[in-house]
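Protein sequence lines, in the order shown, are assigned to chains P and B. When we follow the working numbering, the leftmost residue of the first sequence carries the number 1, and every step to the right adds one. When we follow the working numbering, the leftmost residue of the second sequence carries the number 372, and every step to the right adds one.
Rather than coming from a laboratory, the hints here were simulated on the basis of the structure. Mixed in with the good hints there might be a few duds.
[To be verified] In silico EDC-like links for lysine to aspartate or glutamate, alpha-carbon gap of 20 Å or less:
| no. | chain 1 | residue 1 | chain 2 | residue 2 |
| --- | --- | --- | --- | --- |
| 1 | B | 737 | B | 548 |
| 2 | B | 537 | B | 548 |
| 3 | B | 376 | P | 307 |
| 4 | B | 737 | P | 23 |
| 5 | P | 114 | B | 488 |
| 6 | P | 50 | P | 12 |
| 7 | P | 229 | P | 194 |
| 8 | B | 376 | B | 732 |
| 9 | P | 111 | B | 488 |
| 10 | P | 111 | P | 146 |
| 11 | B | 537 | P | 307 |
| 12 | B | 895 | B | 793 |
| 13 | P | 111 | B | 491 |
| 14 | P | 171 | P | 203 |
| 15 | B | 753 | B | 772 |
| 16 | P | 205 | P | 58 |
| 17 | B | 833 | B | 488 |
| 18 | P | 114 | B | 491 |
| 19 | P | 171 | P | 223 |
| 20 | B | 537 | B | 841 |
| 21 | B | 537 | P | 75 |
| 22 | B | 843 | B | 548 |
| 23 | P | 171 | P | 214 |
| 24 | P | 114 | P | 146 |
Listed below, chain by chain, are the residues.
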Amino acid sequence: MSNYTYSETIPDNFNPNGYTSFDNVDFMLSFPNRKLINSSIRICGTVVLKQGAAVVADEFIFIDQDIGSNAFFSDITTSLSNVGMIESISEYPRLVKTRRIASKSYTDYLKADKLVELSSPTSMMSSSVAKGYTMNGVGPSIGPMDFSFKPLISLNRMASASRAPTMSFRKSGAVRISVRLARNLAVLFGPSVDATSSYTLTDLKVTYATVPDDGTDEPITMENVTSIKTTIQSTSANIAAQVPAICRSMTCSALVQDHEFSPVYNNVGCENVPDMSRLQFLFNDSTNKLVTYQINSQSEILSRFVESVDRSGHSSLSPWHQCRSTNFGFGLDFGQFIDLRNQTIQVQLTTGVTSTAPMIVFLYFNGIIQM
Amino acid sequence: MSFLKFQSQQGTSLSSDNDLIDFEIPSYLGGVDLEQSYLNVICEVSAVSAAPAAGAEPVGAETVVYDVASNITFDENLLYNTSLIRNVSLTSQNYGQLESIRRCDVINNVLKHYGSDYGDILGGGYQNVVQTPSVAYHKGSIFRNLVGDGGVSSSNTRAPISIPLKNLLGMGNMTVDLSKLGSLRLHCQANLNTLIPFGARETNADDQADQRWRNDYTSTFQSGPIQAYNYLDFGYVNRNNAPSTRLIYPTPDDIPFWNNQRIKLDISHIFNDPGAPAATPPTAPGGGVFVPNTEYIIASIERVARAGAQALSPGTYRVYFTQDIYETTFIPAPVNEYSGTQMKVSSVAPESLTLSVVQAEIVVKKTAPPPSAGGISYITFKTLQDTTPSTENFSSVYSLDPQAISQLTCFTSVSAPFTRSEAVLNYRLRVNGDDVTNRTVPVNQVGAGVFRSPIHYGILDKTLQRMDRELKNLLECTPDVTNNTSQRDLLKGPSETHGVLVLPCPLPALGGPQLLEINFQNDKAAAHNLAIYQAIRREIRY
Numbered sequence: 001m002s003n004y005t006y007s008e009t010i011p012d013n014f015n016p017n018g019y020t021s022f023d024n025v026d027f028m029l030s031f032p033n034r035k036l037i038n039s040s041i042r043i044c045g046t047v048v049l050k051q052g053a054a055v056v057a058d059e060f061i062f063i064d065q066d067i068g069s070n071a072f073f074s075d076i077t078t079s080l081s082n083v084g085m086i087e088s089i090s091e092y093p094r095l096v097k098t099r100r101i102a103s104k105s106y107t108d109y110l111k112a113d114k115l116v117e118l119s120s121p122t123s124m125m126s127s128s129v130a131k132g133y134t135m136n137g138v139g140p141s142i143g144p145m146d147f148s149f150k151p152l153i154s155l156n157r158m159a160s161a162s163r164a165p166t167m168s169f170r171k172s173g174a175v176r177i178s179v180r181l182a183r184n185l186a187v188l189f190g191p192s193v194d195a196t197s198s199y200t201l202t203d204l205k206v207t208y209a210t211v212p213d214d215g216t217d218e219p220i221t222m223e224n225v226t227s228i229k230t231t232i233q234s235t236s237a238n239i240a241a242q243v244p245a246i247c248r249s250m251t252c253s254a255l256v257q258d259h260e261f262s263p264v265y266n267n268v269g270c271e272n273v274p275d276m277s278r279l280q281f282l283f284n285d286s287t288n289k290l291v292t293y294q295i296n297s298q299s300e301i302l303s304r305f306v307e308s309v310d311r312s313g314h315s316s317l318s319p320w321h322q323c324r325s326t327n328f329g330f331g332l333d334f335g336q337f338i339d340l341r342n343q344t345i346q347v348q349l350t351t352g353v354t355s356t357a358p359m360i361v362f363l364y365f366n367g368i369i370q371m
Numbered sequence: 372m373s374f375l376k377f378q379s380q381q382g383t384s385l386s387s388d389n390d391l392i393d394f395e396i397p398s399y400l401g402g403v404d405l406e407q408s409y410l411n412v413i414c415e416v417s418a419v420s421a422a423p424a425a426g427a428e429p430v431g432a433e434t435v436v437y438d439v440a441s442n443i444t445f446d447e448n449l450l451y452n453t454s455l456i457r458n459v460s461l462t463s464q465n466y467g468q469l470e471s472i473r474r475c476d477v478i479n480n481v482l483k484h485y486g487s488d489y490g491d492i493l494g495g496g497y498q499n500v501v502q503t504p505s506v507a508y509h510k511g512s513i514f515r516n517l518v519g520d521g522g523v524s525s526s527n528t529r530a531p532i533s534i535p536l537k538n539l540l541g542m543g544n545m546t547v548d549l550s551k552l553g554s555l556r557l558h559c560q561a562n563l564n565t566l567i568p569f570g571a572r573e574t575n576a577d578d579q580a581d582q583r584w585r586n587d588y589t590s591t592f593q594s595g596p597i598q599a600y601n602y603l604d605f606g607y608v609n610r611n612n613a614p615s616t617r618l619i620y621p622t623p624d625d626i627p628f629w630n631n632q633r634i635k636l637d638i639s640h641i642f643n644d645p646g647a648p649a650a651t652p653p654t655a656p657g658g659g660v661f662v663p664n665t666e667y668i669i670a671s672i673e674r675v676a677r678a679g680a681q682a683l684s685p686g687t688y689r690v691y692f693t694q695d696i697y698e699t700t701f702i703p704a705p706v707n708e709y710s711g712t713q714m715k716v717s718s719v720a721p722e723s724l725t726l727s728v729v730q731a732e733i734v735v736k737k738t739a740p741p742p743s744a745g746g747i748s749y750i751t752f753k754t755l756q757d758t759t760p761s762t763e764n765f766s767s768v769y770s771l772d773p774q775a776i777s778q779l780t781c782f783t784s785v786s787a788p789f790t791r792s793e794a795v796l797n798y799r800l801r802v803n804g805d806d807v808t809n810r811t812v813p814v815n816q817v818g819a820g821v822f823r824s825p826i827h828y829g830i831l832d833k834t835l836q837r838m839d840r841e842l843k844n845l846l847e848c849t850p851d852v853t854n855n856t857s858q859r860d861l862l863k864g865p866s867e868t869h870g871v872l873v874l875p876c877p878l879p880a881l882g883g884p885q886l887l888e889i890n891f892q893n894d895k896a897a898a899h900n901l902a903i904y905q906a907i908r909r910e911i912r913y
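Just chain B, same shape as in the assembly (with noise of 0.2 Å):
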């Protein structure tokens, strides 16, 4: 058993025009463990950033989210890595062809949601290329080393979009004898044209919905004579837990700073003049403004034990920063002291971010061949395409393969990568003229109290059962990847602008023409791309 790897027959020359990736998978190699191997295709993203208004540092890592985007909103629901692949063929030398699956990122993004329940998703986190936010909101990339903790600098690096085989074709969970099938061809088409960076959201310190970026009262200015210093402490929290705004940042989930990272600070005081109430703004002289809404660089965080019996907690964040802050306003003494310090603080993203694809290869899982068993039986897809006029009530036949064992349509318009159509209100399919259910299946209707009619997921369960694939997952969505600030929620509920929606139904597979009726209506007059994929269970007798 050994893991081995190969480049991609374009080398080095991919890109958003240069999209297509081929693989020769040699015949030498004997057994080939589908089901672990998996193809790779690296990319890269370089941020380009202003230099901090307050110096001239360089900026290191920025806050950086991807959508592998059909030209998605910020706020569309989460897409799997196998939407990379649009297209997928494998060819045997001996065998010809095995499978050819057009449109496989939207088959593969449905089949995968609904066979993966959320911890599934979260269990993918460190390789996926959208990420979901952490329990405290915050994402990460997997185009960033980001250090978070410590002085050692947060870097850009290549990383792979990590596409398992068994996510991408319908024998990917197979172990095959290549000494029976002969060499193996993949062959890709990406959407690498659809591959877009996104930095992330610039943040308001004033918008308490954007969690822990926030106003915060607790900055630790000692009281004193103003000075130059090079850190800020954060998350004080009181001993004895009183209530307080100070309760912030009390375990590493919850910060959201790392080094290199470009922040802005605004920070004012109340002066320490015996005549002003606490909480009046500062009136002195020179203003009140200590560091107007500056960026910083961040140069290292730690976490620090703090002595004393001072009702403060002994343990905080201590982040340093690459240059001193400096008072932009200087206050003459005797006022020049100052007793409570207000701070807000906010991220700062790439004013531009750029995506490059280096290049793809494949890592196979080299094996012993299995026992032969006199040829191979797998389920694959097969794709009829068609796009529906601008119509209220819509109704097709379609012919469809005699070997087909189920069948799901997917809505495949721009607006909707991953399947969902708000406008359909219900639907009835009818197999050789048979009706699939005896009345509509409401859809969509929510005023109506029917999100989906509990029948559209007894016949989904069934027909995924017919892919021997599992029904996991009822949310009808997906994580939120959203770059909204004022959207805070993990899982958005089910509606129908985030459901995902397909008209499912096993088939009898009788071996004869296959007539499949599709009838649904919408709100309003609306066109709608169809992509009808057809399981079809295929066997190759050696």
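Chain P with its partners taken away, still in its complex shape (with noise of 0.2 Å):
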């Protein structure tokens, strides 16, 4: 054990008043000699929600229940100083929601590693831990809350032959994580919030772990994601893409255009699109692949949007969360990897969306890369 190393680095642009939205703040993560770890890069910090200038107190403020703190990170780019950049997710936060829904029951909520991104089973409970600590869970905050997660990036998602990936800063050379903080009212939301809302994120800091480079090195593969944002605005859509990876599943997310960074709304919020009735999934205009027929029953739609993300058997999907318009998604698990740099999905809608209630649709295309 004395070879395995926890590490910490703090921000390049360290600012000891904190990091409050629109903020960029950049990692250096340095380990010559060493390996670094699969999936042990965790973000931590301390959070403090205002109300104006003061500290809320017993305010209906919201943070997304399912995604805790990885709501305050709006952008992250990994970039290896051997390699480049190897990933640039825009819309992190609302990635981790969506994954968080197809494969999370309530109940897992209530587990440690998700207790301390602040990540709740309810969204009272969030609104109440977010707050910071207080005297016998009542009263005025007495200290900001901590927070600590792992962040949705390539680095945590390593996998190899050997079952214990590693990467060797031989090969990488120095990590720069850069992340941008998202806007208040993304999130923020909440029958009190209002313009004077905002977060402050104090103690920002990376942690790693590594173990001495032994001089191997075995191929290592990742899981990135590349996403798309575009609108619909009819009863029939029709979403193409062309991607520059090559994908194991593409999943999708949907917001009613006013809603993004409204005080009411909650800005990751997966929100159902009305009455969808019919869903196809075409490659290069062929029906023959995949799912062969319509897909018409919402059931299935959610069914088939599990299945793009994870088959844990877990999620927090239900008719009432579609009423609620709280947790909704499509997508499809190709099965396989697919080459979408030289091939077109479409994905074609018929849904209750009009001109009057235009939608943003998010997709998230997960693919692999290999080092």
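Hints in hand, dock the two standalone chains.
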């Protein structure tokens, strides 16, 4: 175990006063003569929510219950000095949200690895947790709440034949993780949120684990994500995409356009696409691949969505969630890796969406890269 | 890899009387991944409701919850989709009958229960015909597209009751090579005659146990002259969170409304009579009831931001109705102003519901044939059914299949479709004359401090292990689908009336005759229908 070392690094642009919306924060991970352990990178810090100049006490201000502290980071870019940029995720909180609702039931948020992220089983609990430490759970905050989460980035999603993937500093060089903090209204929502509602992150740092470099290397594959954002505004919609990636699945969620950065709506909410009565996937205009028929039941739409993320058997999807427009998505597990660099995938939808209430559709293509 | 859909051979002629469903999976598909294949029984539910008294607006989506029932009552435990299939058989063109499970509805429910933690149960919520309540105790329905935000109408929809083959068949978790097996024929008998839709409860706004349907003192009638209006605001919250009755619907999870919903309003006012105490019921001329228990249809729901530096928070829900809310009593000036409102909101159940079975289909995942291993091996079930006499002590010996590796004895009485039997106090099993336990195993003796003996769980765990299954759930009760307004509990505590009871034991499978002796004692003379499910490992060599 003495060879197994935990390290932490503070931001290059360290700010003792903390970071707020739109700030960029860069972390440089340098581990000469060592190897980075898979899934060991965590972002840690503390958060204070404010209403005007005052620390939030009892207002109804929420952070998304499923993703917790992931909500603070809108974009994450990962670069290796010897390789270049390997991943750039925009709309990162929504990516996490989309995956969580398809793979976690609310009972899963009582587990320690989710609680330290500030994820919670219910909105009300999330609201309470994010407001900081209190005496016996009541009264004003006596200290900011700390958090720690594993970002859903390639370096936390490595795989190798040995099943213990590590990445040598010899090959990668220094790792740079650049994050951009989300705007206030992208994080906070609820009855009490207004233009003065804000958050501040302090003590930000990245922690990771390494082992000594034994001089051997094995091929590493990393899961990565390519995101696309588009809009639908009619009952019949056709979304066509060609992405520079080899992908195994596609996962989509939607948000009413007027609800984006709205104080009363959850900006990462995976809202119900009303009256979705037809869903079809086409590859290069062909219908004879994968699902060969039109999907026209809500349960199969959601079933395909779940399979595009995970087959854990857990989810936060139900007709009632759809009614409340809180958890919904669609997608497709390709069942194999498909090179989407040279073919187009089309998603055809028949819905109740009209031009009076257009919806933003977020598409995440889950692929792999090899080193 | 691709997914293909095949219709049942019965076409669209399924009904409660025509409950046989046959599918043919052709051999030209090559490999078929049964684990990701499933059959759908597509149904629709139509509701009949009277027009609201206060208008002639059409009624849209009603509250509906469903029980896949064998005459079960409203407050029975959850039944999984698999309970829809009563008997099943799978036949191969080249190898004959692969499986034939009688009363597979009971055993599949039991195995699903023991093999699912609560997260698993919630995880299937998007396709379960019987819905578990949300954290705010509300339920939706797979047969309704309910819209709770915005102006799009809610609607009825045909929906499939999906049953994964892995939950139905012993070999349902395999990828099979149809070039070896030949075409497959799946034959099912469905419990279509016991598939009963239930309308949601009619709530009583005075019933605080009914949670989100409650008295609401927060409506936002503006002080001033009485006027017609077509919306109500719900969910005012005090920004400073002062103790108040106004704390309702702070999150989307909580609000129980959707578009086209039929609800009942009962509104009264505190009039702006300077001489009257604020809390005094209205004493103005004409009486106090403003909207007396009148039905309305919801047209749309908005989350609104409320500007202004008032003490109330800026965010709430505004619910629009398809017609104006009219006062029924005209209040003459100058007392036709009011400063406060008390409102009761309650839901309205449909007058009747009709469930129609449209058709059945199977979705098959076509894949590459698996590497030939010379054959396949799987575990299936053989069912032995018996009826016990009405007696206090029961004892009988059954001859089991020589290849049986374990058995679960279930109670299949009409009142216990989920194999519970509160009458049994203890049991003792013998296999080939040897005791499985050295004393009786007590169950259902809560008064004596024993609900299930620990040894019961030990034997159950071992029994499921022999079936290559995991014991994940010791709750011995399933999420409640109660329609009882006094029942709020999401999970009922274990009790005789809600515990799942089976009599388990592993078997040696020596290849010769196996005799199972079942002894149990009832708390009083009682008759039972027993279904003894024998797990049998089968091999087919190509």
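Results for each hint:
no. : hint           : verdict
1   : B/737 to B/548 : holds (10 Å)
2   : B/537 to B/548 : holds (16 Å)
3   : B/376 to P/307 : holds (18 Å)
4   : B/737 to P/23  : violated (50 Å)
5   : P/114 to B/488 : holds (18 Å)
6   : P/50 to P/12   : violated (26 Å)
7   : P/229 to P/194 : violated (26 Å)
8   : B/376 to B/732 : holds (7 Å)
9   : P/111 to B/488 : holds (14 Å)
10  : P/111 to P/146 : holds (17 Å)
11  : B/537 to P/307 : holds (16 Å)
12  : B/895 to B/793 : holds (11 Å)
13  : P/111 to B/491 : holds (15 Å)
14  : P/171 to P/203 : violated (30 Å)
15  : B/753 to B/772 : holds (8 Å)
16  : P/205 to P/58  : violated (29 Å)
17  : B/833 to B/488 : holds (18 Å)
18  : P/114 to B/491 : holds (18 Å)
19  : P/171 to P/223 : holds (18 Å)
20  : B/537 to B/841 : holds (15 Å)
21  : B/537 to P/75  : violated (40 Å)
22  : B/843 to B/548 : violated (32 Å)
23  : P/171 to P/214 : holds (13 Å)
24  : P/114 to P/146 : holds (13 Å)
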